[in-house]
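Those protein sequence lines, which keep their order, are chains A and B.
First residue of the first sequence: 0, per numbering that gives the first Met the number 0; consecutive thereafter.
First residue of the second sequence: 0, per numbering that gives the first Met the number 0; consecutive thereafter.
Rather than coming from a laboratory, the hints here were simulated on the basis of the structure.
Every residue gets a Cβ at the ideal spot worked out from N, C-alpha and C, and that includes glycine.
Careful: at least some of the hints might be erroneous.
Calculated lysine-lysine pairs in the BS3-like style (CA-CA distance at most 27 Å, straight line) [as the list claims (entries may be wrong)]: (1) 127/A / 137/A; (2) 383/B / 137/A; (3) 383/B / 40/A.
Here are the in silico distance ranges between beta carbons for each label pair [as the list claims (entries may be wrong)]: (4) 111/A / 447/B: 20 to 28 Å; (5) 107/A / 379/B: 29 to 37 Å; (6) 379/B / 77/A: 21 to 29 Å; (7) 42/A / 532/B: 40 to 48 Å; (8) 105/A / 446/B: 25 to 33 Å; (9) 14/A / 532/B: 26 to 34 Å.
Computed far set for chain A versus chain B, every beta-carbon distance over 12 Å [what the hints assert, rightly or not]: (10) 23; (11) 43; (12) 48; (13) 56; (14) 57; (15) 74; (16) 78; (17) 79; (18) 83; (19) 89.
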Amino acid sequence: MKRGWIIGGAVVIVAVFGWLLFGGLEKNVVFFLTPKELLAKGNDGIGVPVRLGGQVKPGSVKWNAQTLDLRFTVTDGAREMQVHSTGAPPQMFRDGMGVVVEGRAGAGGVFEATGLMVKHSNAYRAPKPGEEAHEKYKTLIQQSTK
Amino acid sequence: MIGLIAHNALLVSLAAVAFGAVLTPVAIRNNRRDWLELVYGAVYANFLLVSVAAVSMIVALVTHDFSVSYVAQVGSRSTPLLFTVISLWGALEGSILFWAWVLGLYSAAVVVLHRRRPGNLVPYAVMTLLAVAAFFAILLVGPANPFLPMSPVPADGPGPNTLLQNHYLMAVHPPLLYLGYVGMSVPFAFALGAIFSNEAASNDWSILSRRWMLTSWGFLSAAIIAGMWWSYEVLGWGGYWAWDPVENASFLPWLTATAYLHSVMVQERRNMLRLWTLNLCVATFVLTILGTFLTRSGILSSVHAFTTGAIGYYFLAFIAIVLVTTLMLVAGNSERIQTKGKLGGAASRETVFLLNNLFLTAVMLTVLVGTLYPLVAEALRGVKVSVGVPFFNRMALPAMVSLLFLMGVGPALPWGSTTWAEARRRLYPPGIAAVIMGAIAVIAGARSIYAILAFAFVGYAAMGNLREFWTGMRARHRAHGESWPTALLRLIAGNRRRYGGYVAHIGVLLIAVGITASSTFRSEREATLTPGQTLTVAGHTVRLKNLWGREEPQRSVIGATMEVLGRNGAVVGTMDPRMNYYRVSDQPVPTPDVRSSIRGDLYINLMAFESSGANATVKVIVEPFVPWIWFGGLVIVIGAIIGLGYGGRTATVPVPATNPAPSYGRSATTQALATNPAPSIASADP
Chain A
0 MKRGWIIGGA
10 VVIVAVFGWL
20 LFGGLEKNVV
30 FFLTPKELLA
40 KGNDGIGVPV
50 RLGGQVKPGS
60 VKWNAQTLDL
70 RFTVTDGARE
80 MQVHSTGAPP
90 QMFRDGMGVV
100 VEGRAGAGGV
110 FEATGLMVKH
120 SNAYRAPKPG
130 EEAHEKYKTL
140 IQQSTK
Chain B
0 MIGLIAHNAL
10 LVSLAAVAFG
20 AVLTPVAIRN
30 NRRDWLELVY
40 GAVYANFLLV
50 SVAAVSMIVA
60 LVTHDFSVSY
70 VAQVGSRSTP
80 LLFTVISLWG
90 ALEGSILFWA
100 WVLGLYSAAV
110 VVLHRRRPGN
120 LVPYAVMTLL
130 AVAAFFAILL
140 VGPANPFLPM
150 SPVPADGPGP
160 NTLLQNHYLM
170 AVHPPLLYLG
180 YVGMSVPFAF
190 ALGAIFSNEA
200 ASNDWSILSR
210 RWMLTSWGFL
220 SAAIIAGMWW
230 SYEVLGWGGY
240 WAWDPVENAS
250 FLPWLTATAY
260 LHSVMVQERR
270 NMLRLWTLNL
280 CVATFVLTIL
290 GTFLTRSGIL
300 SSVHAFTTGA
310 IGYYFLAFIA
320 IVLVTTLMLV
330 AGNSERIQTK
340 GKLGGAASRE
350 TVFLLNNLFL
360 TAVMLTVLVG
370 TLYPLVAEAL
380 RGVKVSVGVP
390 FFNRMALPAM
400 VSLLFLMGVG
410 PALPWGSTTW
420 AEARRRLYPP
430 GIAAVIMGAI
440 AVIAGARSIY
450 AILAFAFVGY
460 AAMGNLREFW
470 TGMRARHRAH
480 GESWPTALLR
490 LIAGNRRRYG
500 GYVAHIGVLL
510 IAVGITASST
520 FRSEREATLT
530 PGQTLTVAGH
540 TVRLKNLWGR
550 EEPQRSVIGA
560 TMEVLGRNGA
570 VVGTMDPRMN
580 YYRVSDQPVP
590 TPDVRSSIRG
600 DLYINLMAFE
610 SSGANATVKV
620 IVEPFVPWIW
630 FGGLVIVIGA
640 IIGLGYGGRT
650 ATVPVPATNP
660 APSYGRSATT
670 QALATNPAPS
680 IASADP
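Modelling step: build the complete structure from the supplied sequences, incorporating the hints.
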């Protein structure tokens, strides 16, 4: 009798816990989508947290240092999507770079970003000639070492 | 040349561990104790040979011997010496070598310390360790061979991953993590050894294994905190925990190890939960291997996942073998392992420990599901998903906050059973601290129910644990006229395991304060400043002085000098958040600057700057109480060290029971006796 109660109680606890767990998962899973996949969802894609992945469209980056307003376009080759974010872009942010943008698509078709990650590749590249920091920031380095 | 020597050393070590593992059961079946000496010899030989390989690697790294593949992969002539040495664990092959080295060290220590113990427990445990060592030796001569010859020999290498050569904590976090992770193979080995040797039904094996678990747990706790600190100091987002899969990988075995450290006490004191405790040993070990698989196989893309390749399949196969073997062994022997102890009253310490294990397991399963779900979803449904931070917070926080409360309840209740009236007498007083802390949190502006409860329960548990010290000290002070410091030291020495546990509790509470306060009361602002402009965040004002640049051998550094202004506008200090541009990478590494005090941190990260020096965009974050997290980590380690100590039998004089009528708040002596069984009588330490 007592054993039955214990087993029954354990089953109930495990069931409730599993139900909570998978219910929580359903609500909090964030899909990784390209602009094409996100736009294909139509209105279902609006307001849902997603990770938008793609490349920064060359020439699309507009960054206002005073208002910290950052706008750029993410493209996957097929479709593209405008992104708006507040805050400085990551230092390595540049045209053609692979990015993952966390946020939600707004009703106006602009993706409001809450987080911005540059895709790191493990096999990192050395900077191109002329792009090296000691070239690019020569003035700063010379000013402070003279 | 050096690569060839090391490679051959690894080949011989594989032969030695395989020989030792196979010889053990043969020796025991034929009752040849002298053959076991050969097994132990194999353990020493393995440690020696892997040491040769590891030291060779360090020499190759330091001498920039690019004919060794691993050096060509992570070495660079411009990298400073410290980071050259520690790039031993900076990439996949080296970290597997380091793992094997640490395992060799632990195995040799087990043999040295326990070889004289009669019975077959230790030989079988050593056999298990050798089998694990064989797996890593196979990796090292196969898919993770760090000593492949390079042809042609490159003149220079790229250097370690830039994120990993940016902060000295990289010399601290990985070794601690490995000492913790690998050490957890020892309790697992004792668990299997106990089954093989038919000793699982006694408590002896857990008395041996729990010290090893506590040692590893101390290292792992320190490693997790050091990893959080590294993330905080290097990644520049002002946080220390993001429920990232690699963080979860270190947290999972910590949870089961913590559960084990509590359940093993119930096993010893109440003769319950033996099967469960044994399973926790196995689970902890499997989770360390799973964690290594997650972080080292390249299945996750992060700074920890170095490569993609066949090595993942080796790990999966190993996990499958371990799971199937141990499940069969445990299932086949469960009748004998099971304990007959009965739960005392509902209001007893073992009840609290059961709940503690229930919640810790629930947190572990939650984190495990959240960590593995993206992998499973991608494998089965072909969709790329990530499990958001809200999942972990919503699912794990309730259990973690409950654990804070239990931490105050457990020490107050005696083993066995007690009356509800007595339980109430013991459990109510810390409630005052809970109400005060909760009220302070609300007044300070906390609105999240979890934050308020966390503060309240921290207050409750802090008083619950400190009261144990206080009543014990007062009893000694009154009974023997000992001075307060002497009373404290003798109290701890009298039952190191118990009071070490309470010290560790206090460390956890400090961490809980740091995490709750810094996530609840964090304020941040980002702005572009020209030199001379100020920015104020939560009462802290900083002013950009100037931007500067500096050349170093391996990198260029751009920094912004920020002046911290006091209330009257005077400069009280300067901070220099920087951006490090390594020669080998087009991606700079941010290096925030942190100014700490006991009340919290002022954290400045340089986000962007004009190359002329005309302006800089900085993010300023005010995070109260963050240093409490690091300090709490230190306290946990101190607690673990106290708990490891031997002694407590003869060092102290028992406190005589002078007053037989317990009444809380009046008779300190009896209170102490009731809650703390007199050390010399009841010490469960062997």
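Here is how each hint holds up against the structure:
1. Proposed proximity of residue 127/A and residue 137/A is supported: the alpha carbons are some 16 Å apart, at most 27 Å.
2. Restraint check for residue 383/B and residue 137/A: the C-alpha separation of about 43 Å exceeds 27 Å, so the hint is violated.
3. Distance hint between residue 383/B and residue 40/A is fulfilled; the C-alpha atoms sit about 15 Å from each other, no more than 27 Å.
4. At roughly 24 Å, the beta carbons of residue 111/A and residue 447/B sit within the given window of 20 to 28 Å.
5. Residue 107/A and residue 379/B have their C-beta atoms about 36 Å apart, which keeps the hinted 29 to 37 Å range intact.
6. Range check, residue 379/B to residue 77/A: about 26 Å between beta-carbon atoms, so the 21 to 29 Å window is met.
7. Checked against the hint of 40 to 48 Å, the pair residue 42/A and residue 532/B passes, with Cβ atoms roughly 44 Å apart.
8. Restraint check, residue 105/A to residue 446/B: a C-beta distance of roughly 27 Å satisfies the suggested window 25 to 33 Å.
9. Between residue 14/A and residue 532/B the CB atoms are about 59 Å apart, so this pair departs from the stated range of 26 to 34 Å.
10. Listed as outside the interface, residue 23/A is inconsistent with that label: its C-beta sits roughly 5 Å from the nearest C-beta of chain B, within the 12 Å cut-off.
11. The claim that residue 43/A is not at the interface with chain B holds, since no C-beta of that chain comes within 12 Å of its own (minimum 15 Å).
12. Under the 12 Å C-beta cut-off, the non-interface status given to residue 48/A relative to chain B is violated; the minimum distance is some 7 Å.
13. Interface exclusion of residue 56/A from chain B stands, the closest Cβ pair being 19 Å apart, more than 12 Å.
14. Every CB of chain B lies more than 12 Å from the CB of residue 57/A, the least distance being 16 Å, so the non-interface label holds.
15. A cut-off of 12 Å between C-beta atoms confirms that residue 74/A is not in contact with chain B; the least separation is 18 Å.
16. Even its closest Cβ contact with chain B, about 17 Å, leaves residue 78/A beyond 12 Å, as expected for a residue assigned away from the interface.
17. Remark: the non-interface label on residue 79/A is consistent with the geometry, its nearest Cβ contact in chain B lying 19 Å away (cut-off 12 Å).
18. The claim that residue 83/A lies off the interface holds: its Cβ sits roughly 15 Å from the closest Cβ of chain B, which is beyond the 12 Å cut-off.
19. Not every Cβ of chain B is farther than 12 Å from the Cβ of residue 89/A; the closest lies at roughly 8 Å, contradicting the non-interface assignment.
The structure fails hints 2, 9, 10, 12, 19 (numbered hints given earlier, in ascending order).
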